[in-house]
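**Student:** Respectively, the protein sequence lines represent chains U, L and Y. Start counting the first sequence at 1; every next residue gets the next number (this note's numbering). Start counting the second sequence at 1001; every next residue gets the next number (this note's numbering). Start counting the third sequence at 2001; every next residue gets the next number (this note's numbering).
FYI, nobody ran anything at the bench for these hints, they're computed from the structure. Treat the hints with caution; some may be incorrect.
[Stated by the list, open to error] Examples of chain L residues lying across from chain Y (beta carbon under 8 Å, computed):
id, residue
1, K1003
2, A1009
3, L1104
4, V1126
5, S1148
6, W1152
7, I1213
No experiment lies behind these values; they were computed from the predicted model shown. Every residue, glycine too, gets a C-beta built ideally from N, C-alpha and C.
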Amino acid sequence: MAWMAWTLPTAIFFCTIACLLVLFTVLAIKYPETPRMGVLRIETTRGDRLFITLLGSAFINLAWLGLVSAPQWGALIVCLVYAAAVFRWV
Amino acid sequence: MEKTVNQKAWFLVLPVLLLVAFSAVIPLMTVVNYSVQDTFGNNQFYWAGLEWFKELLESERLHNALGRQIAFSMIILAIEVPLGIFVALNMPKKGFWASVCLVLMALPLLIPWNVVGTIWQIFGRVDIGLLGYTLDALGIAYNYTQDSFAAWATVVVMDVWHWTSLVALLAYAGLQSIPDAYYQAAKIDQASRWKVFRYIELPKMQGVLLIAILLRFMDSFMIYTEPFVVTGGGPGNATTFLSIDLVKMALGQFDLGPAAAFSLMYFLVILLISWVFYTVMTNLDKRDGV
Amino acid sequence: MADASLNKTASRGIALPKIKGNVVVMVLYLTFLLLPIYWLLNMSLKTNSEILGALTLWPNSLTFANYATILTDQTWYMGYVNSLIYVVLNTVISIAVALPAAYAFSRYTFMGDKHLFFWLLTNRMAPPAVFALPFFQLYSSVGLFDTHIAVALAHCLFNVPLAVWIMEGFMRGVPKEIDETAYIDGYSFGRFFVKIFMPLIASGIGVAAFFCFMFSWVELLLSRTLTSVAAKPISAIMTRTAGAAGQDWGVLAAAGVLTIVPGALVIYFVRNYIAKGFALGRV
């Protein structure tokens, strides 16, 4: 496993994603998903919205890194706002 | 067909899941790990944070490679899609000649990609290649190893040669699914050739064309072997596309950190585009299904 | 339709040349496709002095020496053997794991099926260049570097999703009543799958196998990265020759022609399914 060069931050990162996946699986079992039509005019389920959130967050972080010279946690705040917006309206 | 809900189906998917996880998830995790570290070999890693990402986002080299990549993908889409449709419309509908056309057209698709490169490398040479020789004899200065315009033209023509048949075959398959009754109705209405195309053939080809565009866009976006063999990314950096640049960085210079950061951003772009196409595709299916 | 009468005369006017127009377009296009291949074949049958001398449209001094060089030199022909070994391994693995998965996708809905399907698609779309470096590290660390199985497993990355997609498309065409009747008749799942279901989708399996074979055969980047000597594929041997100064054009051309042969041989059998395969089973 040495060649994979694990570090604590990346380990935490992947654990978070794994936990999110488990959480949404549990949610899907407890409260079955119902697709709905959002502002994007496409049907999305809870899992789709999680994917949109994660992918969008990656791009927000990159944009923040490239365009804004402020500390990175600023991008995380934007991501949280974005996530809330996605889960509310998409 | 109505599908039944069966959670045990997961067991049938499990082998695929394990295999693809082994060959996709583990490497991707490794890439993420590398992307935040610096190394001087011997598995000695040092924390670098987001430095590589920042450096790459501001690097001229990546911007240029991305610009060339997008230009290349757009050019070949603009040529291959209309040309492919045009060829499909002119193909024989059935019989012996239809088979001949199908087989001959599929031939370039089955040639190993580096051989495609070799074929055009030879074909375009001024001294021994038919194309280069002819152009030279006509008085056109053509040298794909020196002149960046000639290099671009060669790479684009090569890709058109290699992949237009794919668009044509898919469009042809779409055309085959149109019942004869449609054409007869159009004939009775005395619809023009253009109207037949616009209102009968194009809608029927929509689904397959979308797949063709998706495949052509994705495959051209990650093109590596063919231009690498023909031009090696040159002259200078004129035909250094994203994958060529990445391989140069990762395996040529063994800069694990920047190469991994590069890979991740590359992958994110691909993921976004795949998702958009997939969503559009499934929604089209749904609309047609109703 | 105000311009209907106009169109009628127009279409009558071009009715005769229209058939010809089709033929002209196809002849031009096929010439464009075949000319470079013909040139490769032409060169492979020439001596090097003829290649480098005056340009000739067909071999003046026909020779098979270039092919003889490849078929008698072990470093050359072992390249083909290596390629064939990992390609066949990859095809067998891909089809074996994709069959049950495709069945599951075509017959059942289960939690996360759409996401799983999409995830498989992204692997087909992922650039091999992204995976070249981690694969190199991964297979080196588990001691599989420079083995056939390493390349076969690496190619599964894009071939397994492809096989699942293609076979799912074929399986959707088989009515579900067949499954149900078989279960009522007391068939177990395994026996039903092998005895009844697989013969029904034999053409689908064949097409999927063909596509796995093909994409593994044409791929260079990963197979070159993961091998050095023992499992070196023919395509990598060719690039090395092409990179050397003062190269042997005739042998290079002959090697190229020989790599086209396997594809050209089987293409006839799958000609009607090629579009379906490329469309990931969705035509």
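**Student:** If a hint holds in the structure, say so; if it doesn't, say that too.
**Tutor:** These are the hints, each one checked on the structure:
1. K1003: holds (5 Å)
2. A1009: holds (4 Å)
3. L1104: Because about 5 Å separates L1104 of chain L from the closest Cβ in chain Y, which is inside the 8 Å limit, the hint holds.
4. V1126: violated (10 Å)
5. S1148: violated (21 Å)
6. W1152: violated (18 Å)
7. I1213: violated (12 Å)
When held up to the earlier numbered hints, the structure conflicts with 4, 5, 6 and 7 and fits the remainder.
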